[in-house]
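Below are the chains, spelled out letter by letter.
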Amino acid sequence: MRRHSLLPALAILLFISSVFSTPLARGADSTDMKTLQPAELVSILAAKNSKPAKPLLFQVGSHMLYVQAHVPGSEYIGQGNTPEGLQHLGKRVSSLPKGTFIVLYCGCCPWSHCPNVNPAYDALKQLGFTNVKVLYISTNFGADWVDKGYSVARGE
Amino acid sequence: MTQRKIAIIVALLLLGWLVLRWTSRRDPRAQGLRPAPDFALTDLSGRPLHLSDYRGKVVILDFWATWCEPCKEEIPQFIALQNKYSERGLQILGISMDDSEAPVRQFQERFKMNYPVAVGTPQLADQYGGVLGLPITFVIDREGHIVSRHIGATNAEVFEKEIQRLF
Chain A
311 MRRHSLLPAL
321 AILLFISSVF
331 STPLARGADS
341 TDMKTLQPAE
351 LVSILAAKNS
361 KPAKPLLFQV
371 GSHMLYVQAH
381 VPGSEYIGQG
391 NTPEGLQHLG
401 KRVSSLPKGT
411 FIVLYCGCCP
421 WSHCPNVNPA
431 YDALKQLGFT
441 NVKVLYISTN
451 FGADWVDKGY
461 SVARGE
Chain B
1409 MTQRKIAIIV
1419 ALLLLGWLVL
1429 RWTSRRDPRA
1439 QGLRPAPDFA
1449 LTDLSGRPLH
1459 LSDYRGKVVI
1469 LDFWATWCEP
1479 CKEEIPQFIA
1489 LQNKYSERGL
1499 QILGISMDDS
1509 EAPVRQFQER
1519 FKMNYPVAVG
1529 TPQLADQYGG
1539 VLGLPITFVI
1549 DREGHIVSRH
1559 IGATNAEVFE
1569 KEIQRLF
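Residue numbers (this note's numbering), protein chains in the order written: chain A, 311 to 466; chain B, 1409 to 1575.
Each hint should be verified, as a subset may be incorrect.
[Said to hold, decoys possible] Below, in silico cross-link-like pairs of lysine-lysine (DSSO-like), each with a Cα-Cα straight-line distance of 30 Å or less:
no., chain 1, residue 1, chain 2, residue 2
1, A, K408, A, K344
2, A, K458, B, K1480
3, A, K344, B, K1480
4, A, K361, A, K458
5, B, K1492, B, K1465
6, B, K1480, A, K443
7, A, K401, A, K344
8, B, K1465, B, K1413
9, A, K443, A, K364
Since the hints were made in silico from the structure, they are not lab data.
The structure displayed is predicted, hence computed values, not measured ones.
Between the sequences and the hints, there should be enough to build the whole structure, so can you do that?
The following block contains the structure:
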């Protein structure tokens, strides 16, 4: 009898949590991650006041791609699917407060095939970072950022 | 007499139109084709790799990387196409966008790639309009003009249809 009365309450709780939780997306594997659309990032970067806070931008894909074009102000970290890349990521964030707003991006391949963002995101989560988002690049950096006319920096 | 003059003028206009149409068909610029930028690289076996050395052949120029899953899916079909059409004048060239050569060399040996592979540069990528996502594959005709550009994994049948038109 008591079990029956708990079921509707559990269902309501599940519904509320699914409605109000942060949107999640599936990346290249089954890891759930918080994502950010390119247009959202552009508006955050363009905001003249300090709210919302400006994120640290980390490119965790290929260096060859970074040199050709990257989001202005972003840093090249190394490929998220390599031990060297993850090591460099760990070093880069070692002195940062765990609540630092960090945006990771790659754009080497279609979202479902990107080998880099998931490992980098997981690494930051394991290190205790709580405000990490991944730029959702559905096709690739050329199609979803450069071709949209968003500003681009080149070189090292 | 007037009718005869009109007939001559119409015939001349028709002839002019036919000549214009014929020449524009032969002119790649009129078809919107642009020359494929030449490059000078060294392939993984140490031989020079110049696109211009393949003038007279139909070329599939594939920008890929060992960490790119859709690229890896395409490699066996390129190997098969190279086997099937090499005698008819097809040459596939692989330009890896890996940041280092070692994984490319391993991959080439493991997959027994039967066409030249070199590691590209950002400058070369720029010449081809930017390689900001992989794979990107160009089909180049015998005269060295870019006929098509394919972004993302592309079915072998698509390439086969295109190259058969160019032989």
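Evaluated hints:
no. : hint                : in the structure
1   : A:K408 <-> A:K344   : holds, 16 Å
2   : A:K458 <-> B:K1480  : holds, 28 Å
3   : A:K344 <-> B:K1480  : holds, 28 Å
4   : A:K361 <-> A:K458   : holds, 25 Å
5   : B:K1492 <-> B:K1465 : holds, 14 Å
6   : B:K1480 <-> A:K443  : holds, 28 Å
7   : A:K401 <-> A:K344   : holds, 23 Å
8   : B:K1465 <-> B:K1413 : violated, 49 Å
9   : A:K443 <-> A:K364   : holds, 12 Å
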